[in-house]
Amino acid sequence: MARFLVKRLLSAGLTLFAVSVFSFLMFFALPRDPVSGMCPKNCNPERLERVRQELGLRDPLISQYAGYMKGIFTGRDLGSAQGGRCDAPCLGWSYANNEAVSDTLARVLPVTLSIVIPAAILWLLLGVGLGMVSALRRGTWLDRVAIGFSLTGASLQIYFVGAVLLLVLVYNLRLLPVPSYTSLFDSPAKWASGLVLAWVALAFLYSAIYARLSRAQMLETLSEDYVRTARAKGLTKPKVYGRHALRAAITPVVTIAGLDVGGALGGTVITETTFGIQGLGRTAVNAVSDGDLPTIMATVLIAAVFVVLANVVVDLLYAVIDPRVRLR
Amino acid sequence: MRPRAAVAAGGAIALVVTLGACSENTGDGTTVDNTRQQTGVIATDPKDSLGPAAEVAGAQKGGTFTIIRETPISHLDPQRTYSFAGLMANPLFSRYLTTWKDDGKGGLVLVGDLAETPGTNVNSDCKVWEFKIKDGVKFEDGTPITSKEIAYGIARSFNPDLAGGPTYVQEWLADSPEYDTKWDFKKNQTSLPPGLTAPDPKTLRFEFAKPRCDLPFAVSLPTSAPLKADKDTGVNLDQRPFSSGPYKVAKNQAGVQLTLDRNPHWDAATDPVRHQYPDQFVWSFGPTADAANNRVIADNGADQSAVAFNYVPSSLVAKVAQDAALKSRTILSPTPSANQLVINNQRVTDLKIRQALNYAIDRDGLIKAVGGQTVAQPMTTLMPSSTIGYEAYDAYPAGANGNVDKAKELLGGKTPELVLGVADNTGEQKIAIQLKGNLERAGFKITVRNIPDDAKLDEVKKKNNPWDLYIGNWAADWPSGASILPVLYDGRSIKAEGNSNSAFFNDPAINAEFDRILALEPTKQGPEWAKLDQKIMKEHAPVVPLYVDVAYLVHGSKAGGVFISSVFGYPSFVNAHVKK
Amino acid sequence: MSLSPVEGVALAEIESTGDGDGDAPKAKGFVGRSPGQLAWVRLRRDRTAMISAAMLVFFVLLAFAVPLIQALYGVGPREQFQDRLDGFGMPLGYAGGITGEHWFGLEPGLGRDIFIRMVHGLRTSLFIAFAAAVITAALGILLGTLAGYLGGWIDAVINWITDLTLAMPFLIIALALTPTVALRFYGQREAVPPAFQIGVLISIFALFGWTSTARLVRGQVIALREREFVEAARASGAGLGHMLFRQLLPNIWAPILVSFSLAVPSYITSEAALSFIGVGLTDETPSFGRMIYRSLDYLQTDPSYVFFPGITIFALVLAFNLFGDALRDALDPKSSR
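Those protein sequences? They're chains G, S and B, same order as listed.
Positions 1 to 328 (the numbering used here) are the ones given, in order, by the first sequence.
Positions 1 to 580 (the numbering used here) are the ones given, in order, by the second sequence.
Positions 1 to 337 (the numbering used here) are the ones given, in order, by the third sequence.
Note that these hints are calculated values from the structure, not bench results.
Be a bit skeptical, because a hint or two may be false.
[Said to hold, decoys possible] The list that follows gives simulated cross-link-like pairs (lysine-lysine, DSS-like), each with its CA atoms no further than 25 Å apart:
#: 1; chain 1: S; residue 1: Lys538; chain 2: S; residue 2: Lys414
#: 2; chain 1: S; residue 1: Lys228; chain 2: S; residue 2: Lys138
#: 3; chain 1: G; residue 1: Lys190; chain 2: S; residue 2: Lys352
#: 4; chain 1: S; residue 1: Lys187; chain 2: S; residue 2: Lys148
#: 5; chain 1: S; residue 1: Lys558; chain 2: G; residue 2: Lys190
#: 6; chain 1: S; residue 1: Lys352; chain 2: S; residue 2: Lys436
As the structure is a computational prediction, the values presented were derived from the model and not from experiment.
Model the full structure from these sequences, guided by the hints.
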């Protein structure tokens, strides 16, 4: 177990390292000029060039990368134009936001977490629940409704559903407040009412997929010999379904859920744009349109961290849920 | 059975979407008249600069006034403020040497703000200016504001770390665009830049090498906001500026919300323009322009005393304009923000082609494409109508939809192949499609080349940029021709990159005219700029004037006192109040 | 930030149920039919499958008949009819300017015909989706079989690359890179042709989309690797090519086909999602994604502008999903209703 974990974490670290190198090369080698946003109306070329040199943009790419990585692990001095000393984990200074990138992340990360985690719980419960019901009531009207619901969800997109929900529930019927983020610790009620629309929209679209997946899994498992044996042994239905069948059926659900949640934590760009909530995803999009390289880099890295971590967690969960899986 | 559920869902969407699609649009009531004349003067009577500002009819104290905006304000630090949002937010917590008394209808008077008058031209040659500081003006900690703190504010704008703000005063004092190398702020923190002196706590003196008649205008920008040296937190002042105005920063959650509370040390008796009606101002960032406007239209709860800083987007205009109940909650006003089809004069050297472009342009179609008359109004002059001394003319009269025949005649059967460089954002993409269709009808061959959105502005400002045409926008920093024509068309200022003169227009005779008019008294310049405007267009046609942006603002039912600044074209909050 | 939630899950679903389905159907037939024939029979009997297939055929025909439709309709996708717009740029008349000449009305602002742009957009979107699905399938099959069959360090490397690809946030990278790609290939004064932009989109999808197919195929191949017929072929000295193309692939085509049929709609919606954040085709090239994105703002003021492209893309994606679902049922009787 411990050996597996170490091995897994090492490979995850290697992946993250590669992501950082690739994205650094990609973004810092782009024909873009991060200095540009600094003077809106009158800029003289000599000044611009001086700033570029001060920022180290004329240094070789390798030493820029080394500086960046050093900042993440030990912090570094960015100069007075960029807020001076930048403590680890230093992700650089954003001219577009006028703050250290780590401050931006600290601000927007809770927003994205607040959108994704409740939504994920909702879509897992709804999706797996629907899938189970339709598998156990196979061929009945319940099954058909559940499948119809799931296919509809899978065929719709968040920007479309979101826009319609906003128009009807918020602007016309005024049943819900305008989506916004309030910290959970400031006011749980406001936190929930401001984000509920995003949760529902996300859950509707995602749960569809989980419903299909868990239905298929459940059907498959129900026809397995050991489930039949358990039933023949005289175990009650809830016991068989709950303990044996569900456990086996849920394994692939966990895989996908891990990837989905990991991916979504990296920024639900479309959801955040649709509902006008400033999370990690929109921060990334704004950073791209501002040519704000340090922020782009940071959002790419953090998104990658979430995906890689989610993968590790999924592997570990496998062992817990499915006794057939042994960790090597 | 499976499809049936899906079809039902599809039907439900269809139903929601088609509701309200059943009425005929006859086009009635979709014309908007918003022509007006701008008048601008510099106050000669010192009484104009005295406080308190006249009470706003129906205004009362109390309440929270909310401003909703998509993106955060780029800088709060007055010396770094240049964005419109920053320029509109700053007067709430900063005072300047001079400021505009604005009736929101184009009537402007430049008055002294911290200064007793809008400046004294000591030798009448615009080279030496003196400002006397008012009594009783204080910072948020109760300490008095003297000429020393104002001078320090100007000095710190020389700090290269604090880039972003206007550079007029710095460049004039140093007599060089490279002002920060001429005078190094970091090495001279205890002294003042060359030419700037504070002989006594009540006097601030500017001495320039060349005549700088626009100084009273230039110090109406936040560069002249005061700061105590011991309160200068460098780049961190952006998070929490030190207040000299009626409000002070109570809480600033960067990028999310800025809360301003009353500043008890601000004295209304010293201030000719600002009020202190609401208990609190809240700037709330995040919602898209669509979302912000939908919120304010819905007029729910706290949004009743809110304003959407981003104007009604073209997609919502039809709804807002045709709702009689909303009429009292909207403000429609032209702005000084002018848009041109900039011609790269280094490449398109044939005057006839430039004139043909001017004849060919279909302004009516273009305005429809960008969202109609509540978004844009046609213009044919270089200076927008909000400029002091403005006179309307059309050097190439071709009607609302352009004169294709006249353009073809000028081209004489040739088909000039021109490349139009546009940003790859939705707005400019639309304009590009419109212009391509429009100009190709008139005998041009237009190639549209997309430029990454974030790079476009820098690219077209480079002297050797490869494009023939691009869309340009200029909003002047004060409503004088001096901050438009010489800035945009003085060929002697062309450098390798960062050119405001992105038409790269250079004509010795015109350059000489700039020098002549700039040396005149500011009050006499107005009509001269208007004449020069016409001369440049008639003789050289360096650009195709397209349209001025129109401000179309919606506010909540309890938000009062908001008007569109005649200087910047964005909502001003000095009179804002919350109705009961 | 995966390409689309649909894709990954559908594949996992197949993966989990598809083990050894190559010979499973044989048990049920009385007459000696191949698994393919059996699946075909089952598919023919499925009403949903037939209806959705008919819809798909209709859409594909529409896409192929674009020049003909345009000739008959008499309006081009770039023609503007601004004289039929009011002072706010909104179409005159009923329901977004629907008339005999303009069946689905006009776009607000530019005043272009919605119907003909939709037909053109359908063609663009279908082409992008099919091309991306074909390329990702090919890449995925190649890498998946190599990893699964050869194992060892090749497997480890390919797995690691898969992890890496999954870890790169697709939307941010697409957003940051696409506008600059053109700068490398075209001069500053050259127009970037739509074909190039379409190519860039397809490449982006290919670059990020192959992972799920690769994982699926790898799993299948590992399951087959130890089977007798594969070992027999190996023992008789068959080459790598023979092993891959004659022995392994024919036995895993069913899940690949299903994954392909579900990948196509996911690329259609991905194209729309990319437009939503400002990546993708320029406005000159009609595409579904761009149209949906542009129209959504007009939900309140010109609902029919939203309705026509919205309902069409919904129908198209739904038809693909229904068909993919039915296809899976037909190919894998264990999970059918």
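Check: When you check the alpha-carbon spacing of S:Lys352 and S:Lys436, does it fall within 25 Å?
Finding: holds (19 Å)
Checklist line | 25 Å Cα cutoff - pair S:Lys538, S:Lys414 | finding: Cα-Cα ~22 Å, so holds.
Note to self: So if I understand the rule, the pair passes when the alpha-carbon distance is 25 Å or less; does S:Lys558 with G:Lys190 pass?
What the structure shows: holds (23 Å)
Notebook entry, point to check: Taking 25 Å as the top limit, are the C-alpha atoms of S:Lys228 and S:Lys138 close enough?
Noted result: holds (11 Å)
Next item on the list: Measure nothing beyond the straight line between the CA atoms of S:Lys187 and S:Lys148; if it is 25 Å or shorter, mark the hint as holding.
Entry: holds (18 Å)
Checklist line | Pair hint G:Lys190 and S:Lys352, alpha-carbon separation not exceeding 25 Å | finding: violated (63 Å)
In summary, the one numbered hint that this structure violates is 3.
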